[in-house]
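*Asks:* Residues per chain, in single letters:
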Amino acid sequence: MAVIEIESLTKDFEVGFWRKRSVRALDGLSLEVARGEVFGFLGPNGAGKTTTLKLLMSLIRPTAGSARILGEPVDSVAMRRRIGYLPENPYFYDYLTGEELLAYVGSLFGIRPPMLDRKVGELLQTVGLADARRLQLRKYSKGMVQRIGIAQAILNNPEVVFLDEPMSGLDPLGRREVREVIASLRSRGVTVFFSSHILPDVEALCDRVAILDKGKLREVGALDAILNVKIEGHEIILARISSALRARLGELCDRITPLGDRVAVRAATARQVEAIVSAAVAAGAELVSVNPIRRSLEDYFFKEVEA
Amino acid sequence: MRVLAIARNTFRENIRDKVLYNLVLFALLMIVSSLALGQLTLGHTDKVIVDLGLSSISMIGTLIAIFIGISLVSKELERRTVYALLAKPVHRWEFILGKFLGLAFTLTVNVVIMTAGLILTLACHGVGAGSCLRLLPAVYLILLSLGLTTALALVFSTFSTPALSALFTFFLWVIGHFNGDLLELGRLVESAVFLRLCRVLYYVLPNFSNFSVIDSRNVIQSAAYYRPIDPWGVAWATAYGLVYGSLLLGIAIAVFSRRDFK
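Quick mapping for you: the protein sequence lines, in order, are chains S and Y. Residue 11 in the numbering used here sits at position 11 of the first sequence, and the numbers go up by one each step. Residue 68 in the numbering used here sits at position 68 of the second sequence, and the numbers go up by one each step.
Calculated directly from the structure, the hints in this document are not laboratory data. There could be a bad hint or two in this list.
[Unchecked claim] Using 30 Å as the maximum straight-line C-alpha spacing, the simulated DSSO-like pairs for lysine-lysine come out as follows:
no. : chain 1 : residue 1 : chain 2 : residue 2
1   : Y       : K75       : S       : K139
2   : Y       : K18       : S       : K20
3   : Y       : K262      : S       : K139
4   : S       : K139      : Y       : K47
5   : Y       : K262      : S       : K216
6   : S       : K119      : S       : K142
7   : Y       : K47       : S       : K20
8   : Y       : K262      : S       : K20
9   : Y       : K75       : Y       : K18
10  : Y       : K47       : S       : K142
11  : S       : K214      : S       : K303
12  : S       : K139      : S       : K20
13  : S       : K214      : Y       : K262
14  : S       : K119      : S       : K214
15  : S       : K216      : Y       : K18
Predicted model, so just to flag it, every value in this text is computed and none were measured.
Next comes chain S alone, as it looks inside the complex (with noise of 0.2 Å):
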């Protein structure tokens, strides 16, 4: 079933103070997302990504189409209970400690004390901010401001939560305990839709992916379909070759990649792989391995926002 069901979504804004027009930020964007997929939305910047994230949490209203989260509406309070969101570059209240901040989000969801102290403290635990409890917001890091972030959008245990860039400004250390929070968030069926520009996050993440450019769906699938739809060849590893192989081998490939005593063979057909590999095994060399050349998301996310 799926909890998040977009339908041809489409937001202008007006832009310009005399002459006003209008710009087209996202274009009849239309996808489904099941309970407790990790959804991964990607584009360059200006793609229309945050823009959606702002139509799902009803902060702007779309000029055509509907969206619907955990079967209700965008604009129901009631289904707020049941999500969480994390924006872009979040800011929150800088003169409150993350505990009261926490403390706070967790009023507005009517929870009490002592149930409220205790959560806020497995909270500060989980994302690594419990010294800091008691520092007030100003003084934390981007980091840790992003770290505060995530607390607050999954403090109410969410169905389905929303996170615009969770990884930006983090750094290795920092992303790691976030792709952490989102990897427990999948074990316990949460359903997990974010944006991202940090790409091999999203491919170690990610069930499934869309990729959003000029406010267009330009694709949407599981990783794996998108990923290995676009095989480009395969890579042949080979030792102990002669000099009389290696002059064939540039007959037969594209391209000879010399790997100290070894090397890699690019093969762009299957018809190329097999004359390699039969003119590797006459001439004695040793076959390390033959891969398929899987192109990682980041060269297909570039690629494609390129044509």
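With chain S fixed as given, assemble chain Y onto it according to the hints.
*Replies:* For chain Y alone, coordinates are given in the frame of chain S:
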């Protein structure tokens, strides 16, 4: 409950932004006036202290109501703190009402402490408790006026920049004190259209003189002479403040509910 949580947080913000530092100014004013006025006035020191004290409470409160009120919503938008908040189970009307109540509570605490300071100063000059109690209706009317000023600033805060909001609120606050003169002006100019226009403005614009003039007497002056203030006048001012304030909050909620947070 969510309204109270937002109000509590707004109050905490005001306290931590050191809004109550104005009390130091007020305390200094009371001490200096208490020492200096005894030398300058002939036997009416307490009356001058009441006049100065209540005027200061009103002026300081108005400045806080305007300058904090105009940033109540705009600061949340500018710093984007509103994004995470409105994604919680919070209605937009709850947000506006919570912000209003938070500042109203800050002003109440402020006014209560300043009034206590004024009474203490008067006690030092030998004014009895009974006379001091006669100041309370005037203080109450000042509080009502501050509530209305806050609501006015809040309306502008929902759609305008802080600078423009401050300007609009201040203009309306000034005009609101001379609202009665609009009707007089309409009567003086012999034009039915102009009179109608003045009448419309008289009823549409906030009338702050309802809180400062009762029974044709200046409230602060009456308090300075420990004269009783007409209870019907106070009741009318209360009813006016509640109705007009509710209308202003309704406008603020309507504007804020339709806003896109780009």
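*Asks:* If a hint holds in the structure, say so; if it does not, say that too.
*Replies:* Going down the list of hints, with the structure as the test:
1. Restraint check for K75 (chain Y) and K139 (chain S): satisfied, since their Cα atoms lie roughly 19 Å apart, inside the 30 Å limit.
2. Between K18 (chain Y) and K20 (chain S) the alpha-carbon distance is near 42 Å, which puts this suggested pair outside the 30 Å criterion.
3. At most 30 Å may separate the alpha-carbon atoms for a hinted pair to count; K262 (chain Y) and K139 (chain S) meet this at roughly 27 Å.
4. A hinted pair counts as satisfied when its Cα atoms are at most 30 Å apart, and K139 (chain S) with K47 (chain Y) does not qualify at roughly 49 Å.
5. Among the hinted pairs, K262 (chain Y) with K216 (chain S) is consistent with the structure: their alpha-carbon atoms are about 19 Å apart, no more than 30 Å.
6. Only pairs whose Cα atoms come within 30 Å are accepted, and K119 (chain S) paired with K142 (chain S) is accepted, the gap being roughly 23 Å.
7. Simply put, K47 (chain Y) and K20 (chain S) have alpha-carbon atoms about 59 Å apart, too far for the 30 Å limit, and the pair is violated.
8. For the hint pairing K262 (chain Y) with K20 (chain S), the CA-to-CA distance comes to about 16 Å; that is within 30 Å, so the pair holds.
9. The hinted pair formed by K75 (chain Y) and K18 (chain Y) meets the criterion: a straight-line CA distance of about 16 Å does not exceed 30 Å.
10. Under the criterion of a C-alpha separation no larger than 30 Å, the hint pairing K47 (chain Y) with K142 (chain S) is inconsistent with the structure, at around 56 Å.
11. At most 30 Å may separate the alpha-carbon atoms for a hinted pair to count; K214 (chain S) and K303 (chain S) meet this at roughly 15 Å.
12. Proposed proximity of K139 (chain S) and K20 (chain S) is contradicted: the alpha carbons are some 41 Å apart, above 30 Å.
13. Of the pairs offered as hints, the one joining K214 (chain S) and K262 (chain Y) holds, with about 17 Å between alpha carbons and a cut-off of 30 Å not exceeded.
14. Proximity of K119 (chain S) to K214 (chain S) is assessed by CA-CA distance (about 41 Å); at most 30 Å being required, the pair is judged violated.
15. Annotation: proposed proximity of K216 (chain S) to K18 (chain Y) is violated, straight-line Cα distance about 48 Å (limit 30 Å).
Figure legend: structure checked against the earlier numbered hints; hints not met, in rising order: 2, 4, 7, 10, 12, 14 and 15.
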